[in-house]
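Those protein sequences? They're chains A and B, same order as listed. Take the first sequence: its position 127, counted from the start at 1, is 127 in my numbering, and no numbers get skipped. Take the second sequence: its position 278, counted from the start at 1, is 278 in my numbering, and no numbers get skipped.
Hints were generated in silico from the structure; no laboratory data involved. Please read all numbers here as calculations on a predicted model, not as lab measurements. Errors might be hidden in some of the hints.
What the hints assert, rightly or not - Sample of chain B residues lacking proximity to chain A, with all beta carbon distances greater than 12 Å (derived):
#: 1; residue: 22
#: 2; residue: 50
#: 3; residue: 56
#: 4; residue: 158
#: 5; residue: 246
#: 6; residue: 262
#: 7; residue: 266
#: 8; residue: 356
#: 9; residue: 430
To be verified - Lysine to aspartate or glutamate pairs mimicking EDC-like chemistry, simulated, CA-CA at most 16 Å apart:
#: 10; chain 1: B; residue 1: 330; chain 2: A; residue 2: 321
#: 11; chain 1: B; residue 1: 372; chain 2: A; residue 2: 253
#: 12; chain 1: A; residue 1: 330; chain 2: B; residue 2: 380
#: 13; chain 1: B; residue 1: 187; chain 2: B; residue 2: 59
#: 14; chain 1: B; residue 1: 150; chain 2: B; residue 2: 14
#: 15; chain 1: B; residue 1: 372; chain 2: A; residue 2: 255
#: 16; chain 1: B; residue 1: 368; chain 2: A; residue 2: 255
#: 17; chain 1: B; residue 1: 330; chain 2: A; residue 2: 380
#: 18; chain 1: A; residue 1: 293; chain 2: B; residue 2: 227
#: 19; chain 1: A; residue 1: 368; chain 2: B; residue 2: 255
#: 20; chain 1: A; residue 1: 368; chain 2: B; residue 2: 380
#: 21; chain 1: A; residue 1: 372; chain 2: B; residue 2: 295
#: 22; chain 1: A; residue 1: 150; chain 2: A; residue 2: 253
#: 23; chain 1: B; residue 1: 454; chain 2: B; residue 2: 14
#: 24; chain 1: B; residue 1: 374; chain 2: A; residue 2: 295
#: 25; chain 1: A; residue 1: 330; chain 2: B; residue 2: 379
#: 26; chain 1: B; residue 1: 330; chain 2: A; residue 2: 123
#: 27; chain 1: B; residue 1: 430; chain 2: B; residue 2: 183
#: 28; chain 1: A; residue 1: 372; chain 2: B; residue 2: 255
#: 29; chain 1: A; residue 1: 7; chain 2: A; residue 2: 154
#: 30; chain 1: A; residue 1: 150; chain 2: A; residue 2: 57
#: 31; chain 1: A; residue 1: 259; chain 2: A; residue 2: 363
#: 32; chain 1: B; residue 1: 454; chain 2: B; residue 2: 123
#: 33; chain 1: B; residue 1: 368; chain 2: A; residue 2: 253
#: 34; chain 1: A; residue 1: 454; chain 2: A; residue 2: 123
#: 35; chain 1: A; residue 1: 372; chain 2: B; residue 2: 253
#: 36; chain 1: B; residue 1: 293; chain 2: A; residue 2: 227
#: 37; chain 1: B; residue 1: 51; chain 2: B; residue 2: 25
#: 38; chain 1: B; residue 1: 307; chain 2: B; residue 2: 380
#: 39; chain 1: A; residue 1: 330; chain 2: B; residue 2: 321
#: 40; chain 1: A; residue 1: 374; chain 2: B; residue 2: 295
Even for Gly, the Cβ is constructed at its ideal location relative to N, Cα and C.
Read off the chains here:
2 protein chains.
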Amino acid sequence: MDANLEKYFKHVDESTAYFIDQLREVVAIPSVSADHTKRQHVIEMGKWIEKRLLGLDCEVKMIDLGNQDMQGIKVPLPPVVLASYGNDSNKKTITIYGHYDVQPALLSDGWNSEPFTLVELDDGRLVGRGATDDKGPILGWMLCLEAHQKLGIDVPVNLRFCFEGMEESGSIGLDDVIIDQADKWFKGTDFTCISDNYWLGTTKPCLTYGLRGNNYFHVEISGPQADLHSGVFGGVVEEPMNVLTKVMSNLVDIDGKIKIPHIYDQVAELTNEENETYKSLSFQNSDLINDLKADIVIHNENADSLKSRWRYPSLSIHGIEGAFYESGSKTVIPSKVIGKFSIRSVPYMDPATISKLTIEYVESEFAKLNTKCKLKVWEESSGRWWYSSPNHPNFVAGSKAIKRVFGVEPEMTREGGSIPVTLTFEEALKANVLLLPMGAANDGAHSTNEKVDKFNYIQGIKLYGAYWAEIASLTK
Amino acid sequence: MDANLEKYFKHVDESTAYFIDQLREVVAIPSVSADHTKRQHVIEMGKWIEKRLLGLDCEVKMIDLGNQDMQGIKVPLPPVVLASYGNDSNKKTITIYGHYDVQPALLSDGWNSEPFTLVELDDGRLVGRGATDDKGPILGWMLCLEAHQKLGIDVPVNLRFCFEGMEESGSIGLDDVIIDQADKWFKGTDFTCISDNYWLGTTKPCLTYGLRGNNYFHVEISGPQADLHSGVFGGVVEEPMNVLTKVMSNLVDIDGKIKIPHIYDQVAELTNEENETYKSLSFQNSDLINDLKADIVIHNENADSLKSRWRYPSLSIHGIEGAFYESGSKTVIPSKVIGKFSIRSVPYMDPATISKLTIEYVESEFAKLNTKCKLKVWEESSGRWWYSSPNHPNFVAGSKAIKRVFGVEPEMTREGGSIPVTLTFEEALKANVLLLPMGAANDGAHSTNEKVDKFNYIQGIKLYGAYWAEIASLTK
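Just chain A, same shape as in the assembly:
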């Protein structure tokens, strides 16, 4: 086992140039799912993966998701690529998820080089759209499998891959596929692993065991049937935009404290044990301030910023639909405005309770205003938080794998955002999910000059092999 891993690690190091060439090849396919003019490239990317997996002796099933309506244009959805390798009942089965579509990118957005041409910089950065999100990771899994085959090393686990092409555009159709295939393609899954997030910092690898949920609300205030001229009607009528502004001004304090009564009641208490875990994490408010290019950080203590991101709820006001939003000036009284805000939720907040408390609060704040305008408030969408035990065997295997590759204990992290597919896999497959990132915090996944560091890419591919080995050794 150890000998095999040593051989594998050595081979990975020696294959660096080839692995980078492979990454160059996939980055060159501009698989931007949000742009219907690039949809054929997303599909091309799906076919590239199909061919690659067939070449690795996988069984492959391309799931056709039908068409999508984009701005009135009927556009085919890219397939979900399912693949299967190994059916040994003596081995554990791992389902691996990733996505092959990428965010939009234009040189004119501020890239220093053509975004779909991978550039290797002297400092080790491999720059290109999708390098870290999520082409580096999905390619990594395939290169890991290929390396095993080249070396004649038995793959110690059964593998099930699930690669989608719509992650950056709402993962249309994916949940249904996962649920439908839970007892078919994914049958027998013992563990799930997703490599689609990032280290907490830039130097220490991590395992991620928690995500916040999100309840998204719309608050509609309506008045006259049509927009009015503020010269003619200003002072004469009650104005929806004024009402909405007042309602939304009472949702959350400047310091992030949510003003909805009882909203914190179900939040898990911070134990001394949990509190201790924050003390050694590689997170500095000063880095955050540098990244944001502004000191707008609420908390003075580094740990408090992480606690706010990971284990406390937050409320953000995103915008308003129906009001004047362009540059310049317009003397309109908007007839109907819809405020948008959402609440990030944490263990053990019940989504239905969040919804009820929030809607009741908005209604009561509106009632206080005693206005003739009308209110409608509803929950537009809701996704639960995810929280796994960092002591689960899946995490133990991940932790040991990190120790083997990097020689350190992983940072145990949570994230403030949500990765909805995590919950879907956990619930549909009834198997533990491990989030095992390849990239670093500063990779700029959705930004200009997205990169993955050569170090992270190569060590990440080693990590995948080590993870398989450690999962396999759990059975022993």
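Given the structure of chain A, go ahead and fit chain B onto it with the hints provided.
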């Protein structure tokens, strides 16, 4: 004199069919100034007027305003048409303003008939884009002059016309022309008359002697350099949108009372005499509620609605730039948001004082929040209110003219909006301005199915002749 007017009135009645045909001809030219693909029709309309005025023995000068940049396209501006008729030093000189461009209109917007084809309905409505705003009026003045010539009646005043083609798109270049030509083309102007507003109701003619001004403010709150993801940063950073919402929520009460200290200090006191004038006006809150299709009217008393529109300031929040404004949901923390609001001003508020009080108040409200976000607040534009004495000879003449045509005293009205050209003419020409509307309150000037009633159109043309006669008789 009276005999001439009687002859004129009779001729106008007999010319109804011809006058409607003439209106049909000008409505058919889709002179939409906001649409660059229709710009040639605006210019065509200007040339139509030039030809018409030359045919009436006017001296005509077409002022070229150069080009305009519309969405990156260089588009020629339509000319200001100046015309002059009569130079008799024994006669008074009237400058008449109007505009020959119109609002956009598509059948699909909800018109019951093709908007650029005039339709005469059984109830007397003449439906077509521009029928009332402002092609009916400008054509009316020309038909009035033509009728005098046909009847061999001496025109009792010297006339100066100023017809622009950009009123619906910001009157680009017009102010400079008026100021430049004040001592040239408009030299010797005794009175100015603008026919580009509407009756207070639908049955009684009016003269308009006041307009509100407007000070438009932008409030910018900025935080991080780029938009952030609410999952990652919610609860961690102070959010500009939350700050802006709080600042804007304290600008004005639901009942329209502005919360800026001392903002009402310069508002003219309501005298008993002024208060009496509101009692007989043909304005009903119930009509307003019907028009708005919602009871969102602040005041219970009819007169209070008019006072709020005419003689008290108001503050409206128009919208926010930089926040999420589309339909659907987006989990963004906008990095910089700009709130837009404006204050309608009334006699004797000083625009500079409004600006100072408002900016100081926004700054003090922001300071109370104790936030790390940054504030910038500025006045984007400012236009003074206009207020004329309803006892000025120009208004006396207008009033007598109405009495002659309609047999009633005019309603003396003000408007809540602004017509900036009014102030420009008054200041540049140093002559009193009378607003003498042709159309009724329900003409739907900027809306679908715009119309002018045949009654208003024909009686309006009579009114123009009577007004000239009454101005002439002032000299006697």
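Checked hints:
1. 22: 30 Å, holds
2. 50: The assertion about residue 50 of chain B holds, with a minimum of 32 Å to chain A.
3. 56: Non-interface label on residue 56 of chain B holds, nearest chain A Cβ at 35 Å vs cutoff 12 Å.
4. 158: 33 Å, holds
5. 246: 5 Å, violated
6. 262: Check passes; 18 Å lies beyond 12 Å.
7. 266: 16 Å, holds
8. 356: Holds: least Cβ distance 19 Å, greater than 12 Å.
9. 430: Holds: least Cβ distance 26 Å, greater than 12 Å.
10. B:330 / A:321: 11 Å, holds
11. B:372 / A:253: Within the cut-off at roughly 13 Å; holds.
12. A:330 / B:380: 11 Å, holds
13. B:187 / B:59: Roughly 15 Å separates the two Cα atoms, so the pair holds.
14. B:150 / B:14: 13 Å, holds
15. B:372 / A:255: 10 Å, holds
16. B:368 / A:255: Since the Cα atoms of residue 368 of chain B and residue 255 of chain A sit roughly 13 Å apart, the hinted pair holds (cutoff 16 Å).
17. B:330 / A:380: 11 Å, holds
18. A:293 / B:227: With a Cα-Cα distance of about 12 Å, the restraint between residue 293 of chain A and residue 227 of chain B holds, given a limit of 16 Å.
19. A:368 / B:255: The given pair, whose Cα atoms are some 13 Å apart, holds under the 16 Å limit.
20. A:368 / B:380: 33 Å, violated
21. A:372 / B:295: 7 Å, holds
22. A:150 / A:253: 59 Å, violated
23. B:454 / B:14: 13 Å, holds
24. B:374 / A:295: OK: residue 374 of chain B and residue 295 of chain A at ~10 Å, within 16 Å.
25. A:330 / B:379: Distance of about 14 Å is within 16 Å: holds.
26. B:330 / A:123: 35 Å, violated
27. B:430 / B:183: The given pair, whose Cα atoms are some 10 Å apart, holds under the 16 Å limit.
28. A:372 / B:255: Within the cut-off at roughly 10 Å; holds.
29. A:7 / A:154: 12 Å, holds
30. A:150 / A:57: 12 Å, holds
31. A:259 / A:363: Measuring from Cα to Cα gives roughly 14 Å; hence the hint holds.
32. B:454 / B:123: This hinted pair holds, its Cα atoms lying about 9 Å apart.
33. B:368 / A:253: 12 Å, holds
34. A:454 / A:123: Distance ~9 Å between residue 454 of chain A and residue 123 of chain A Cα, so the pair holds.
35. A:372 / B:253: Holds, at about 13 Å.
36. B:293 / A:227: 12 Å, holds
37. B:51 / B:25: 14 Å, holds
38. B:307 / B:380: Violated. Residue 307 of chain B to residue 380 of chain B sits at ~27 Å, over the 16 Å cutoff.
39. A:330 / B:321: Holds. Residue 330 of chain A to residue 321 of chain B sits at ~11 Å (cutoff 16 Å).
40. A:374 / B:295: 10 Å, holds
Of the numbered hints given earlier, the model fails hints 5, 20, 22, 26 and 38; all others are met.
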